[in-house]
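Participant: Under full-length UniProt numbering, the sequence shown is numbered contiguously, ending at residue 522.
Hints are supplied without guarantee of correctness; some may be wrong.
Restraint ranges, calculated between C-beta atoms of paired labels, are given here [stated by the list, open to error]:
id, residue 1, residue 2, range
1, Glu511, Asp489, 33 to 39 Å
2, Thr2, Val123, 36 to 42 Å
3, Glu342, Asp489, 26 to 32 Å
4, Thr2, Glu511, 57 to 63 Å
These are calculated hints, taken from the structure and not from any lab test. All residues carry an ideal CB built from backbone N, CA and C; glycine is no exception.
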Amino acid sequence: MTNFSKRLQRVAKNADNFKQFGRGVERETLRYSLGGRLANTPHPKGLGAALTNRWITTDFSESLLEFITPVSTSISETLDQLADIHHFTQTQMNGEKFWPLSMPCFVEGEDSIELAQYGTSNVGKMKTLYREGLKHRYGSLMQIISGVHFNFSFPESFWDALYGEQSEEERAESKSDGYFTLIRNYYHFGWMIPYLFGASPALCESFLCGKESDLPFEKVGKTLYLPYATSLRLSDLGYTNSAQSDLKISYNDLEQYLQGMERAIRTPSEDFAKIDQGSGTERRQLNANVLQIENELYAPIRPKRVANSGEKPSEALQRGGVEYIEVRALDVNPFSPVGITEQQVRFLDLFLTWCLIRDAKCMDNKELGCWKDNWNKVILEGRKPGLILKAGCGGEQISLVEFGKEIFYELRDIAEVMDAACGGEDYLATCKELETWIDNPELTLSGQLLRKTLEHGGNGLVGCALGKEHREQHLAHSYRYYTQEQMLDEVENSVKTQHNIEQADTQSFDEFLADYFSYLND
Numbered sequence: 001m002t003n004f005s006k007r008l009q010r011v012a013k014n015a016d017n018f019k020q021f022g023r024g025v026e027r028e029t030l031r032y033s034l035g036g037r038l039a040n041t042p043h044p045k046g047l048g049a050a051l052t053n054r055w056i057t058t059d060f061s062e063s064l065l066e067f068i069t070p071v072s073t074s075i076s077e078t079l080d081q082l083a084d085i086h087h088f089t090q091t092q093m094n095g096e097k098f099w100p101l102s103m104p105c106f107v108e109g110e111d112s113i114e115l116a117q118y119g120t121s122n123v124g125k126m127k128t129l130y131r132e133g134l135k136h137r138y139g140s141l142m143q144i145i146s147g148v149h150f151n152f153s154f155p156e157s158f159w160d161a162l163y164g165e166q167s168e169e170e171r172a173e174s175k176s177d178g179y180f181t182l183i184r185n186y187y188h189f190g191w192m193i194p195y196l197f198g199a200s201p202a203l204c205e206s207f208l209c210g211k212e213s214d215l216p217f218e219k220v221g222k223t224l225y226l227p228y229a230t231s232l233r234l235s236d237l238g239y240t241n242s243a244q245s246d247l248k249i250s251y252n253d254l255e256q257y258l259q260g261m262e263r264a265i266r267t268p269s270e271d272f273a274k275i276d277q278g279s280g281t282e283r284r285q286l287n288a289n290v291l292q293i294e295n296e297l298y299a300p301i302r303p304k305r306v307a308n309s310g311e312k313p314s315e316a317l318q319r320g321g322v323e324y325i326e327v328r329a330l331d332v333n334p335f336s337p338v339g340i341t342e343q344q345v346r347f348l349d350l351f352l353t354w355c356l357i358r359d360a361k362c363m364d365n366k367e368l369g370c371w372k373d374n375w376n377k378v379i380l381e382g383r384k385p386g387l388i389l390k391a392g393c394g395g396e397q398i399s400l401v402e403f404g405k406e407i408f409y410e411l412r413d414i415a416e417v418m419d420a421a422c423g424g425e426d427y428l429a430t431c432k433e434l435e436t437w438i439d440n441p442e443l444t445l446s447g448q449l450l451r452k453t454l455e456h457g458g459n460g461l462v463g464c465a466l467g468k469e470h471r472e473q474h475l476a477h478s479y480r481y482y483t484q485e486q487m488l489d490e491v492e493n494s495v496k497t498q499h500n501i502e503q504a505d506t507q508s509f510d511e512f513l514a515d516y517f518s519y520l521n522d
């Protein structure tokens, strides 16, 4: 019996192991106006303060909304929360809509993109300055791409089944090791996510701002596309940064990961040093290091822990180990009004569980690069008939179809166990349907979207059609989890909380930043 089978048997003994997965969703979407143009209006007042609203905030730009659900162990509850947040937000937007695609709508250029604003507090100004740094480092267009982040954790009973009785310190170390096993397998096999759920095979030509690209784009209207692409969002054109490939951050264990992050936030960058620093509110970046702060690391998955007040992400991980992981490779699902579906969540349940209980030896940089090559191939030509991927780093090869079938073979074993624990056949049905997408790439989200894009004559037209449809669904929605009163209370409380933070400031902005980055002087 394989180690995978033994571990699956151990966790299968307790049905609660599969009923108590912790899940949370962060969905990004641009506000847009008539004609599919990026909205240039301020964050709607009816949504409260983006700095402090628990459920509705902004990401890079003032027009890039982000909706956040709390942790839940129920898939339907999470999707209901997300639908309620969308409904309330849509009622406060004066006719503007949510752009339903990951790649942006029509943009008139870098200077037309307003950075997100968070008020006059030092914390708020630091958030905007961080975005100013991203703008000067990578350009604004890359930062207004939308995605869906999926936060996921296993219950304590799951770790009990795997490791037995442990002290608190032993358990923290075991969980961290387990999550890093998951991450290594995710890098190895995670190309499945853009293959199945990538939904950005095309982009508006305005996104390139007249720059030449080496990619062999074809054109329909004002839209550029690659006929077999799955997720341009994850390509070098999108929400990645090839300059960070030299960081060589290890995913073998927590200690090596934290050492790599420490190097990245302390290492000066020659290129970024050329950006004029300025001072006070005229600064153009937080600092000239490879990463201004840890959040700048572009990665398709991250180990996470809820931080205490004033605690940096790496300090939280150092304190208590990995608590959950954040999957960041999901494009917005354009066919879902909330950007993600129950089927996708169930697949992630299966896939992440498989990644945890499957063996994963330590990876060196060569191996990590090898698996990233598979990702890049799938991102740019994943639906190409007969596509060949790397089966190993020694020249071994395997077809995408064969590779995918091997993965689904073991996912079905997990699906049967999960269905037995949860009742019904939802997980097995998910497996069976998605496996047909391996044989028929045009069933994938990118295949479906490209077909519609070509039928409509471009990204803008298909985006506006879906956006209008989603707006009508959001406005017709009735609350299922929250209430209108709760939403309005959160708006009011967020405004008061931001005001209190602003009133409590006693330092100048320069003093605040000097204190925040004092660790760089150690």
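Participant: For every hint, state whether the structure bears it out.
Facilitator: Each hint, compared with the structure:
1. A beta carbon spacing of about 35 Å between Glu511 and Asp489 agrees with the range 33 to 39 Å that was offered as a hint.
2. For the pair Thr2 and Val123, the beta carbons lie near 50 Å from each other, so the given range of 36 to 42 Å is not met.
3. For Glu342 and Asp489, the Cβ-Cβ distance of about 29 Å falls inside the hinted range of 26 to 32 Å, so the restraint holds.
4. About 58 Å separates the C-beta atoms of Thr2 and Glu511, a value consistent with the hinted range of 57 to 63 Å.
Of the hints listed earlier, the one the structure fails to meet is number 2.
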